[in-house]
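Participant: For reference, the chains in residue letters:
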Amino acid sequence: MEKELTMPKLRPEMKDGVLCAWLKEEGDMVTAGEPLFEIETDKVVNQIEATESGVLKKQLFEEGDTVDVEAPVAILETK
Amino acid sequence: MEKKPEWLKVRYNQDAVNEVAALMRDLKLNTVCKEANCPNLGECYRKHTSTFMILGSVCTRNCRFCNVTTGHPLPPDPEEPMHVAQAAKRLGLRHVVLTCSTRDDLPDGGAEQFAKTVRAIREVCPGTTVETLISDMQMNTDALDVVIAAHPEVLNHNVETVKELQAAVRPKAGYERSLAVLRYCKEKDPTLLTKTGFMVGLGETDEQIDRLMDDILATGCDILTIGQYLQPSPKHYPLARYATPEDFARYKELALSKGFRHVASAPLARSSYKAWEVLEDTHDLY
Chain Y
104 MEKELTMPKL RPEMKDGVLC AWLKEEGDMV TAGEPLFEIE TDKVVNQIEA
154 TESGVLKKQL FEEGDTVDVE APVAILETK
Chain D
68 MEKKPEWLKV RYNQDAVNEV AALMRDLKLN TVCKEANCPN LGECYRKHTS
118 TFMILGSVCT RNCRFCNVTT GHPLPPDPEE PMHVAQAAKR LGLRHVVLTC
168 STRDDLPDGG AEQFAKTVRA IREVCPGTTV ETLISDMQMN TDALDVVIAA
218 HPEVLNHNVE TVKELQAAVR PKAGYERSLA VLRYCKEKDP TLLTKTGFMV
268 GLGETDEQID RLMDDILATG CDILTIGQYL QPSPKHYPLA RYATPEDFAR
318 YKELALSKGF RHVASAPLAR SSYKAWEVLE DTHDLY
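Listed in order, the protein sequences are those of chains Y and D. Okay, so the first sequence: first residue is 104 according to the numbering used here, each after it adds one. Okay, so the second sequence: first residue is 68 according to the numbering used here, each after it adds one.
Hint data in this document are derived by calculation from the structure and do not stem from the laboratory. Some hints here could point you the wrong way.
In silico lysine-lysine, PhoX-like type, Cα no more than 25 Å apart, as pairs [to be verified]:
| id | chain 1 | residue 1 | chain 2 | residue 2 |
| --- | --- | --- | --- | --- |
| 1 | Y | Lys127 | D | Lys76 |
| 2 | D | Lys70 | Y | Lys112 |
| 3 | D | Lys95 | Y | Lys112 |
| 4 | D | Lys319 | D | Lys253 |
| 5 | D | Lys302 | Y | Lys118 |
| 6 | D | Lys71 | D | Lys253 |
| 7 | D | Lys156 | D | Lys95 |
| 8 | D | Lys230 | D | Lys302 |
| 9 | D | Lys325 | Y | Lys118 |
| 10 | Y | Lys118 | Y | Lys106 |
| 11 | D | Lys156 | Y | Lys118 |
| 12 | Y | Lys106 | Y | Lys127 |
| 13 | Y | Lys127 | Y | Lys161 |
| 14 | D | Lys239 | D | Lys253 |
| 15 | D | Lys95 | D | Lys230 |
| 16 | D | Lys230 | Y | Lys112 |
| 17 | D | Lys156 | D | Lys341 |
| 18 | Y | Lys182 | Y | Lys118 |
| 19 | Y | Lys112 | D | Lys71 |
| 20 | Y | Lys127 | D | Lys71 |
| 21 | Y | Lys112 | D | Lys114 |
| 22 | Y | Lys112 | D | Lys253 |
| 23 | D | Lys341 | D | Lys76 |
| 24 | Y | Lys118 | D | Lys76 |
| 25 | D | Lys70 | Y | Lys127 |
Work the whole structure out from these sequences, hints included.
Facilitator: Spelled out as structure tokens, the structure:
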């Protein structure tokens with residue numbers, strides 16, 4: 104089953120965020136709780152964890168892209 | 068935006084955050100984790116820990132380092148003390164940290180709400196320890212007496228920065244006043260553990276930090292926290308530098324050598340970060 108992972112809203116006024124790094128490649132296995140990608144905010148770099156386990160099927164953005172809050176960032180193939 | 072150093076990476080899990088956020092929403096509570104955009108929110112919420120911010124999410128002061136909204140707050144919510152206690156119970160907290168927006172609009176600065184909340188926690192969660200991270204309450208000793216009488220295990224009030232930067236960083240507060248709050252509380256009830264914290268990265272020098280530690284210690288303060296200032300937005304007070312983990316280790320060593328009982332010094336150390344561990348480390352004092 105395909106599952107979309109979205110851009111989290113890291114603070115109330117956040118409208119978008121810069122995806123600064125992918126920590127997994129397409130085709131990699133991902134376990135729930137593992138960091139999947141990084142978003143830089145004013146204060147820190149947030150390593151966003153996968154909320155489910157599966158295979159990273161598709162990275163929908165490239166490193167350096169600005170992504171709207173709640174927009175799909177990745178597609179995970181889950182069991 | 069300047070590139071963040073490697074040591075300013077934090078983990079974030081949306082499901083874990085949603086769970087705690089929903090509880091706070093249900094009970095109409097605020098957390099300083101959210102209002103101050105704390106970098107540790109993801110880690111703390113995952114561990115079912117948070118720091119309650121009582122007296123509303125709107126502050127009457129305009130400190131230039133702080134992300135909390137400035138404005139005209141609402142009157143205190145009479146249900147808030149019991150709601151905090153219920154949330155603490157649902158989260159299973161062993162140690163509850165209460166902080167507040169600074170309420171210069173209230174005659175008692177919100178002291179009574181603090182006391183009621185401490186008492187509600189004692190009633191609903193027996194055995195749970197409480198830490199009150201208070202404003203300076205304009206050094207109103209009647210107000211401070213109300214908080215002291217509720218007898219939290221830890222009374223925390225942050226000096227935030229060195230003497231030389233106070234006016235620029237926290238224009239409606241003051242160095243001497245914050246030190247006086249710490250001194251007064253300790254003298255009034257020596258069994259209270261007193262605690263304070265400051266940030267580095269605002270432009271202070273090591274010599275100024277050294278004097279700051281001496282001034283804090285002279286109030287009888289037991290616990291010190293030192294963390295990196297992180298600029299909440301380009302409109303806030305400008306960041307001067309990122310101190311390295313080695314710098315924080317050096318500050319910790321210095322503070323311990325001066326005589327502080329416990330020191331938490333790390334880039335992401337915050338007043339209430341791992342407050343329970345800090346209290347455990349000082350358990351022989353209470």
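Participant: Evaluate each hint against the coordinates.
Facilitator: Hint check:
no.	hint	result
1	Lys127(Y) to Lys76(D)	holds, 17 Å
2	Lys70(D) to Lys112(Y)	holds, 21 Å
3	Lys95(D) to Lys112(Y)	holds, 20 Å
4	Lys319(D) to Lys253(D)	holds, 22 Å
5	Lys302(D) to Lys118(Y)	holds, 17 Å
6	Lys71(D) to Lys253(D)	violated, 39 Å
7	Lys156(D) to Lys95(D)	holds, 15 Å
8	Lys230(D) to Lys302(D)	holds, 23 Å
9	Lys325(D) to Lys118(Y)	violated, 46 Å
10	Lys118(Y) to Lys106(Y)	holds, 22 Å
11	Lys156(D) to Lys118(Y)	violated, 34 Å
12	Lys106(Y) to Lys127(Y)	holds, 16 Å
13	Lys127(Y) to Lys161(Y)	holds, 10 Å
14	Lys239(D) to Lys253(D)	holds, 24 Å
15	Lys95(D) to Lys230(D)	violated, 37 Å
16	Lys230(D) to Lys112(Y)	violated, 36 Å
17	Lys156(D) to Lys341(D)	holds, 18 Å
18	Lys182(Y) to Lys118(Y)	violated, 32 Å
19	Lys112(Y) to Lys71(D)	holds, 20 Å
20	Lys127(Y) to Lys71(D)	holds, 21 Å
21	Lys112(Y) to Lys114(D)	holds, 20 Å
22	Lys112(Y) to Lys253(D)	violated, 41 Å
23	Lys341(D) to Lys76(D)	holds, 17 Å
24	Lys118(Y) to Lys76(D)	holds, 21 Å
25	Lys70(D) to Lys127(Y)	holds, 21 Å
Violation of the numbered hints given earlier is confined to hints 6, 9, 11, 15, 16, 18 and 22; the remaining hints are satisfied by the structure.
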